[in-house]
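Fit chain V to the supplied structure of chain A, relying on the hints for placement.
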Amino acid sequence: MENHLILETQELSKSYENQKNVLNGINFSIQTGEVVVIVGPSGCGKSTFLRCLNMLEPIDAGVIRLDGKEIHQDFKKAHLIREKVGMVFQSYELFPHRTVLDNIILAPIKVQKRKKEDVTKEAVALLTRVGLFEKKSAYPRQLSGGQKQRVAIVRALIMHPEILLLDEITAALDPEMVREVLQVVLQLAKEGMTMIIVTHEMGFAKAVADRVLFLDQGQVVEEAAPFEFFTYPKSERAKQFLNTFHYEAIEI
Amino acid sequence: MQDLGIQVLFRGTNFLRLWQGLWVSLQIAAISMLFSVILGIFLGMIMTGKNRIVRLLCRIYLETVRIMPQLVLLFLVYFGTAKHFGLDLSSEVSAVIVFTFWGTAEMGDLVRSAFLSIPSHQYESGYALGLQKWQVFFHIMIPQTVRRLLPSSVNLLSRMIKTTSLVVLIGVVEVVKVGKQIIDAARYDVPTSALWVYGTIFFMYFLICFPFSIASSYLEKRLKD
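Read top to bottom, the protein sequences are chains A and V.
Just so we're aligned, residue 1 is where the first sequence starts under our numbering, counting upward by one.
Just so we're aligned, residue 1 is where the second sequence starts under our numbering, counting upward by one.
Pulled out of the complex, with its shape left as it was, chain A reads as follows (with noise of 0.2 Å):
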């Protein structure tokens, strides 16, 4: 199949109450099959960005386009977007009242009505693939950050999303744990999955990404292809946000 665009805003902006231009005429692009990582110091607008794709959040102006239609800010419509558009958060957000393999199976059952049969046996070869087959019919309690994560993964995939949103998925995880969440999101990026992440570990962002973009202030400020901007960013704020990574032993 040929790369096709896929998803677009154009002067995307967004401002709460108490606070002005979050995201500040944002355009933006992505193909089929592409990987995008989103960086930007705490409070950039990145999390809100991809919110707004998903209409978790209202915009204020702009446009955004999927497969070429405007997405309208019409609310009750939201979830025939949100089947397109998958979304995993920093939380995990499993259901805690319903095992692995039911946390994986409602949506696809209850939204595109597809076979319980069918659904369990695409759910259980998606929690073998990623090392869970043995915790299917475990609760969310009994599992660890990782394994939590890699499930929440599991069950957007299941949805058979266009498009994948990462929402800093590896912040709330113990170092040790990141790798294996990581991974999964590796494999998935070599399978051809267009995902938008947005990420705090620079390491898997130069690894993953097609193209990394900087936000800040709710614009963004670069965009490059992954080993350009981490040898050589551009702009001042991107050379002062890579420097944080960055720790040189104390002079005496």
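Simulated from the structure, these hints should not be mistaken for laboratory data.
Take the hints with a grain of salt, since some may be wrong.
[Said to hold, decoys possible] Simulated crosslink set (DSS-like; lysine-lysine; CA at most 30 Å straight-line):
1. V:LYS162 with V:LYS177
2. A:LYS206 with A:LYS190
3. A:LYS110 with V:LYS50
4. A:LYS69 with V:LYS133
5. V:LYS133 with A:LYS76
[Claimed, not checked] Covered by chain A, according to a simulated footprint, are these stretches of chain V (three or more residues, beta-carbon under 8 Å):
6. 123-133
7. 137-144
In this text, all values refer to a predicted model and were calculated from it rather than measured experimentally.
A virtual CB, placed ideally from N, CA and C, is assigned to each residue, including glycine.
Leaving out everything else, chain V in the frame of chain A:
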């Protein structure tokens, strides 16, 4: 044996009558609880709404019920309605009205806090999966709310059973009243019967309420997320 007060319990059908009295208490508590749960769920949902005036009214209702002793409410409904509205409510009906009035307020507050204790991310992640509002409500909110509610509503039920002992004061013949009748009848030949009869009632309440108390703490542990 002649001097032991316990013998009054075995006179005639006295012991059975005590249980029948307790059965009346339980019926009042159970019917009131049933109404309280149904109305309380509605009240709780209204209380989580956005309308400030409605919320304020609910708050006033809740505080009124909490501040007023149930006994005063019982007198108000039983004697008040008769005097001022000419209503001839039976004492049992008055009791159910008062306990429902009280239980609805308590239940409403429990439902409200159970609803609010579900983090907003829970329903957002439901929305993000393409579920619609009512689906999120039924498959995600309700089951979690019920889990959070179970221990505290079982607790409310046992409190309600205990508090029904007040209805003796508006003339309902329940376990305490039956006990008093038994003591009165034996006043002259067994003067020490009061301790034995009330003691028995104490254990009867305990027998009924203790399992609820156990169930409540068991559920609390069991359903913890």
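Checked hints:
no., hint, verdict
1, V:LYS162 with V:LYS177, "holds (14 Å)"
2, A:LYS206 with A:LYS190, "holds (14 Å)"
3, A:LYS110 with V:LYS50, "holds (29 Å)"
4, A:LYS69 with V:LYS133, "holds (24 Å)"
5, V:LYS133 with A:LYS76, "holds (9 Å)"
6, 123-133, "holds (count 9)"
7, 137-144, "holds (count 4)"
The structure fails none of the hints (numbered hints given earlier).
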